[in-house]
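Read off the chains here:
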Amino acid sequence: MRLKDLFNFKRKTRPIKPSQEMISEQELSELWTQCPSCKTTIYTAELKNNLMICSKCEHHFRLSAYDRIEHLVDADTWEEINCSIKPSNPLKFVDLKKYEDSIEAAKKRSGSNEAIVTGVGKIDGFETAFGIMEFPFLGGSMGSVVGERIARLCELAIERKLPVIIISSSGGARMHEGLFSLLQMAKTSAILSKLRENKLLFLSVLADPTYGGVSASFAMLGDIIIAEPKAKIGFAGPRVIEETIRQKLPKDFQTSEYLLEHGQIDLVISRKKLKETVTQLIKLHSKTLYGNPTNELNGFADIISQPLVSSSV
Amino acid sequence: MSKKSNSSFVLDFEKPLITLLQEIDKLEQSSSKDERQEVKLSINGLKEQFFELRERIYSNLEPHQRLQIARHPERPYTLDFVKDLGTNWIELHGDRSGHDDGAIVGGLLELEPGLTVVVVGNEKGRGIKEKQRCNFGMPQPSGYKKALRLFKHAENFGLPIITLIDTPGAYPGLEAEANGQSGAIAVNIQEMTNLKVPVIAIITGEGGSGGALALAVANRVLMLEHAVYSVISPEGCAAILWRTREKSADAANALKITSNDLLNLKLIDEIIPEAQGGAHNNYSQTSANIKKSILSHLGILLKMSPEELKEEKMNKFRNYGAFSE
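From first to last, the protein sequence lines stand for chains C and P. Start counting the first sequence at 1141; every next residue gets the next number (this note's numbering). Start counting the second sequence at 825; every next residue gets the next number (this note's numbering).
If you are wondering where the hints come from, they were derived from the structure by calculation, not from laboratory data. We treat Cβ as the ideally placed atom computed from N, Cα and C, and that holds for glycine. Incorrect hints may appear among the rest.
Some residues of chain C that are not near chain P, with every Cβ distance over 12 Å (derived) [to be verified]:
1) 1248
2) 1267
3) 1300
4) 1301
5) 1374
6) 1410
Cβ-to-Cβ under 7 Å is the rule here; a few derived chain C residues that face chain P [unchecked claim]:
7) 1223
8) 1224
9) 1225
10) 1233
11) 1235
12) 1284
13) 1318
14) 1323
15) 1329
16) 1357
17) 1360
18) 1364
19) 1385
With the rest of the complex left out, here is chain C (with noise of 0.2 Å):
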């Protein structure tokens, strides 16, 4: 071969278009999901995997309903309540659109029928009560239903003696129901005095993000409250405060590690750790002064009432 003849190299085969086998752009950006704390591209099937952490940076991404459900609830164990309860359109409200179909566009986005997922299950081994709140379906906003959903969950945690683990993911009281949504702070906190009442525990877990109407009810009544890292928590969004005050706020303002440092929660832990770690605060709880149907502890009073081996002196 001439050397000229290699630059008179012509293509035999066609170009290669992309095929309709081939992924689409919009699939292909799903494929890869950029961590908004790191900026690393994480390969989506991974992050999911990795609980949707970031494996950088440990970023914890918003994860739904179900899929808490999958990672916290032993397999198998899971029975949903109160799905049936829906809501309604008491004050016949109409912003740009009517309530109802931002309902059903709440309920396409989200995959869940409200807010709030509730049901029973066990974690390691033990029976326990969720509530598990859905951010997509409308920021996670409570109104009537969320708070008829979180009451009968405590009424059967009284009935079964359950303890409750509510994690919430929310943006407060839900507007378009106005009054009745406030009111549901009253509600779920007025319930959550009759567990108090039967001794049994609450673990209120708080996820990104947690503020207004939920956070100033049940979500800070736990008699436990953990928080998972970097989750925004707060009563006035951080837009509001900086009108109102006029100043920049810290970096750190309202997270997990804030409210740690001020004495409002106790404790930050990973998803990772989650599980284990309700399930240790479970099992710590569950022999008690107060236990059915006597004082657990009983059997405990003859060991510790030996006396001490007598020493020799």
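Please build the complex by placing chain P on the supplied structure of chain C, with the hints as guidance.
Quick look at chain P alone, frame taken from chain C:
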């Protein structure tokens, strides 16, 4: 004739009233020495016209106009009400852990001879200095802790509790968050459900969201006629759902924040009428109406046992909600 004539603050819809008042004033001055019957008649006619017009305006207010009355700078606040509600008022101070919040005041009041109550309410303050001290009626967490301490005092001594609520909301500030605004409100709400003495909450002005509810978990929840009670301020709601604060009148409509709407929805127990032209026109008459209402409800609540009072309140709040099943 009314406080309104020398008031410095005039709402838009009150303007025709002010014009009429000025006319009456002018006529009265110019004819002060005129004994003619027809002049007197025309003054009386104008006065009658004034009352009719005021009645008509005030009975046909839009929700956002009621909001303006609820926020009127001359609206009576807790420290004004207690002067008219009873005798022997002694204000008590402090949360017992370092603060005395000015946005929530409380104390002991002899409502009727021998009937002591604990009054806890919001104070917005008069004049810029006082307003700053009261933080415009927006409590910090310490305010809610102070309220709770006073509620416990009432419970300890078996005294009924009256709360008077008029707050834009809990204060959205850096320190408030650092000190646990959410937790303070949550604890108050929960502890109020557990109280075993009669609790009557009256929304007297703005019932601003969680900050208001933290004082409103009561056996009876009453509202002054022009007060409002809402999950979010109409401005805040409009900014989020309509994406502009300019739609706040629409949001005020949609949110159903007026006393009539909330009574219809069975979310409050009673509306207390205000003096004609709004509570700011006549404090003592409005207070008299409030007192009458408090006494009629206490008449029933004082006959209930501590356990019944707690159970009734618990069930009342357990049952709020609108859903289908």
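Hint-by-hint comparison with the structure:
1. 1248: Label holds. Min Cβ-Cβ 19 Å, cutoff 12 Å.
2. 1267: Check passes; 24 Å lies beyond 12 Å.
3. 1300: Answer for residue 1300 of chain C: holds, closest chain P Cβ roughly 19 Å.
4. 1301: holds (20 Å)
5. 1374: violated (5 Å)
6. 1410: holds (23 Å)
7. 1223: violated (10 Å)
8. 1224: Constraint on residue 1224 of chain C satisfied, holds at 5 Å.
9. 1225: holds (5 Å)
10. 1233: holds (5 Å)
11. 1235: holds (4 Å)
12. 1284: Constraint on residue 1284 of chain C satisfied, holds at 4 Å.
13. 1318: The hint holds - residue 1318 of chain C has a Cβ within 7 Å of chain P, the shortest such distance being about 5 Å.
14. 1323: OK, holds: residue 1323 of chain C within 7 Å of chain P, min 4 Å.
15. 1329: holds (4 Å)
16. 1357: holds (5 Å)
17. 1360: holds (4 Å)
18. 1364: violated (13 Å)
19. 1385: holds (5 Å)
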